[in-house]
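Student: Read off the chains here:
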Amino acid sequence: MKITLAHGSGGKSTSELIKNVFAKHFSNEILNMMEDSAVVDSSKKIAVTTDSFVVTPLFYRGGNIGRLSICGTVNDLLMRGAVPKYITSAFIIEEGADFDELERIAESMAETAEEAGVIVVAGDTKVIEGNGGIYINTTGIGFVEHDIKSSNTKCSDSIILSGNLGDHHAVIMSERMNIENEIESDNAPLCEMVFELMKNNIEIHAMRDVTRGGLATVLCELAESCSLQFEIEEDKIPSSESVRAFCKILGLNLLYMGNEGKMVLTVPSAQAEKAVEIIRRCRYGENAEIIGSVKEGSGVVSVTKLGAKRTLSVLYGEGLPRIC
Amino acid sequence: MNINEVCTFLKKYNGRDLYFMEICGTHTASVCENGIDNLISEKIHLVSGPGCPVCVTVSEYIDRLVELSEIENNVIVSFGDMLRVPGSKYSLNDARAKGADIRMVYSPLELIEIAKKEPNKSFVFAAVGFETTAPVYAELIDTALEQSIKNIRLLTSIKTMPAAVDKLCTMNKKISGFLAPGHVCAITGSNAFIPLAEKYNMPFVVSGFTAEEILCSIYALVKLQGKGVVKNLYKRVVKEERNEKAYSLTEKYFEPCTASWRGFGEIEGSGTAIKKEYELFDAQSKGIAKDSKANNLCRCSDIVLGMASPKECPLFNKVCSPENPQGACMVSTEGSCFNYFVNNRG
Amino acid sequence: MCVASPGRVVEINGKTITVDYLGNRVKANSGIVDVKIGDYVLVHAGLVIQVLEKDEAEAMTELFKEIEELGQ
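Protein chains in written order, with the numbering used here: chain A, 69 to 392; chain B, 548 to 893; chain C, 1419 to 1490.
If you are wondering where the hints come from, they were derived from the structure by calculation, not from laboratory data.
Just to be clear, a hint being listed does not mean it is correct.
Going by beta-carbon spacing under 8 Å, a handful of chain A positions derived as facing chain C [claimed, not checked]:
| no. | residue |
| --- | --- |
| 1 | Glu243 |
| 2 | Ile247 |
| 3 | Glu248 |
| 4 | Asn249 |
| 5 | Ser307 |
| 6 | Glu309 |
| 7 | Ala313 |
| 8 | Phe314 |
| 9 | Lys316 |
| 10 | Ile317 |
Cut-off 30 Å, straight-line C-alpha distance, at most; resulting in silico cross-link-like pairs (DSSO-like, lysine-lysine) [what the hints assert, rightly or not]:
| no. | chain 1 | residue 1 | chain 2 | residue 2 |
| --- | --- | --- | --- | --- |
| 11 | C | Lys1472 | B | Lys668 |
| 12 | A | Lys363 | B | Lys858 |
| 13 | B | Lys822 | A | Lys316 |
| 14 | C | Lys1472 | B | Lys770 |
| 15 | B | Lys590 | C | Lys1483 |
| 16 | A | Lys363 | B | Lys663 |
| 17 | B | Lys590 | C | Lys1472 |
| 18 | B | Lys663 | A | Lys377 |
| 19 | C | Lys1472 | B | Lys792 |
| 20 | B | Lys663 | C | Lys1483 |
| 21 | A | Lys363 | A | Lys267 |
| 22 | B | Lys799 | B | Lys664 |
| 23 | A | Lys373 | B | Lys558 |
| 24 | B | Lys799 | C | Lys1454 |
| 25 | A | Lys222 | A | Lys70 |
Just so you know, even glycine gets a beta-carbon here, dropped at the ideal spot from N, CA and C.
Construct all of the structure, not just a fragment, from the sequences and the given hints.
Tutor: Right, dumping it as structure tokens:
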């Protein structure tokens, strides 16, 4: 069955769509009240974030737009030291979208939400003219445990990366460029590793998820917000053999590849080893590495394996498909 | 010897100033990504050359692609780098924003399947490149003929290196040696550069693309100063002789022509055009020569000749950036300006 | 533009071959080079431009030997 404009009319088809897809999978006490807005409890400072997801293809190895839409928002909350609690989901669906695919997306969102410990408390659906595309916006609310800010990074901090770079980007590009491989997207919620770091009293100075724009772009932003220099060693950066080979085929640079389940953080160097061990014990963190350190100065400097230093800039240019 | 000894030698070099040109854009990108200029003496200057096909393509070529894209049922197919290059008015991306059908591929040969699937569309491939890419286009025509596919044409701006390097040597007198383009040489053979090495009494070192290979090649260039020789340090890939199969395939459909290069003007025998008897595959590529700049202060022309460094251009990092490129050198990921910009090369 | 990377031939079907790059498989055309299964080849824009005779380590050893001959 295909989605038609009638499913967005606000009438009977709309309520059936909501009942059979969204209410069915997202069911919880707050959502089930079906009121105009959700009322939730909070005694803590709250963190709020929103993100829209427009990835094509909708399904790819290792994930789909539904899982992505939960992970992206949950991870943004985590990066501020917040425990994700509630999430909203707004769908913009082009007519012609497949009903079963939509349901699989909703199902995947529900599973990912459960893994991340959040519940979907509000939602919206619109159907527009088009070609079967599906777009999702999610807004997340979390309770702040430690107020983590990019500007908190201190000189001599260690820089830690939670795992292999480039998987998500490579998966999406493979589909576009007719390259066959077994690479899987890394899209994942980073709750466990963040909670474990906090539980073990690791003093996280700054934390960011590494998404569009890649590691280089995120490090540039981090360096700018604390007015210090981030120096990384290129051969410490974890990545899989097949992703590295993939980059070579297309002439891509690993440092600019997008990810959907990786984070970079700065911690006092004395705690760095311990922090890496904690992350490695967590789901999605087995390849974590200390990739460099923070120095006086500005910008991001990368040291190549032959010892040459070069400055990294944010990602420029495109020519690449939409990947998140 | 090992790589550390090579680096130590190159770092300590304190003789006269040497200017080595890396002809190939892929070399330029590797030099920047590996911070090579950081590992060698300040007396050794690496200069980027005309080996980025997008950078040496004249603006009229882009204009012609944009025109073709405006014709109903036409689809322009291209390598990714071409899409953002400004013509005299518009880029292909601008044309796409206005509704033109423009697609990006990894290999021109993908066009065969695409054209079969959409027989009612007429596909024009933006066929740029050097000796390495020419046989790919020949193979495309060969396959199209074999399978009677009639909805593929090429707008060609295919160039050959030796004649251009010859002209470059007469224009830029500073150069003391060349890193010869490794993958061009895989087709032409390293011998193709012997006449130039002898004529200008200058070393040409055929180089691979890793940091180690480039450093070894620079070492060889220093050691071979004053000698008009070709040294092949990419033997794993490059032979002395040309690849005869590649040439016989290319020569079946193409013939040498005068080509127009940004910065150089017209150079006799520096291009490759579709032969008259196969003109059905030609999207009227002949006579494209005009090069007007999007911005009059743009020094792209001097930059592809190695006569100016990107940083000497008044627009560099001011008006001109990868976000808002004024010239092709800032667009292409192999362009000098782009690489100097993103890697802060000195 | 002249980006080309080495991979291993894993399938041959006339002129169309499959090249494996450490787990990434790409179709390529072998119109200008004779290839056999197991060969390491260099592919540029979908066309095989060379069969590599030596492995990378061997080639590097030879490279250093070669520049050594130019004098230290």
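Student: Regarding the pair Lys1472/C and Lys770/B, is the alpha-carbon distance no greater than 30 Å?
Tutor: holds (26 Å)
Student: Take a quick look at whether Lys1472/C and Lys668/B sit within 30 Å of each other, Cα to Cα.
Tutor: violated (45 Å)
Student: Classify the hint on Ala313/A as holds or violated, based on whether any CB of chain C lies nearer than 8 Å to its CB.
Tutor: holds (4 Å)
Student: Does Glu248/A pass the interface check with chain C, least Cβ-Cβ distance below 8 Å?
Tutor: Glu248/A check passes; min Cβ-Cβ to chain C is 4 Å, inside 8 Å.
Student: Between the alpha carbons of Lys590/B and Lys1472/C, is the straight-line distance 30 Å or under?
Tutor: Judged against 30 Å, a Cα distance of about 35 Å means the pair is violated.
Student: Mind checking the alpha carbons of Lys373/A and Lys558/B for me, to see if they're no more than 30 Å apart?
Tutor: This hinted pair holds, its Cα atoms lying about 16 Å apart.
Student: Is the straight-line distance between the alpha-carbon of Lys822/B and that of Lys316/A 30 Å or less?
Tutor: violated (35 Å)
Student: Take a quick look at whether Lys799/B and Lys1454/C sit within 30 Å of each other, Cα to Cα.
Tutor: Satisfied, since the Cα-Cα distance of roughly 25 Å is no more than 30 Å.
Student: Taking the closest Cβ pair, is Ile247/A under 8 Å from chain C?
Tutor: Given a least distance of 5 Å, the restraint on Ile247/A holds.
Student: Would the hint on Ile317/A be counted as holding, given a Cβ-Cβ threshold of 8 Å to chain C?
Tutor: holds (6 Å)
Student: For the restraint on Phe314/A, tell me whether the closest CB of chain C is nearer than 8 Å.
Tutor: At about 5 Å, which falls below the 8 Å cut-off, the nearest Cβ of chain C leaves the hint on Phe314/A intact, so it holds.
Student: Given the hinted pair Lys590/B and Lys1483/C, is their alpha-carbon gap at most 30 Å?
Tutor: This hinted pair holds, its Cα atoms lying about 25 Å apart.
Comparing the model with each earlier hint shows violations of hints 1, 5, 11, 13, 16, 17, 18, 20 and 25; every other hint is respected.
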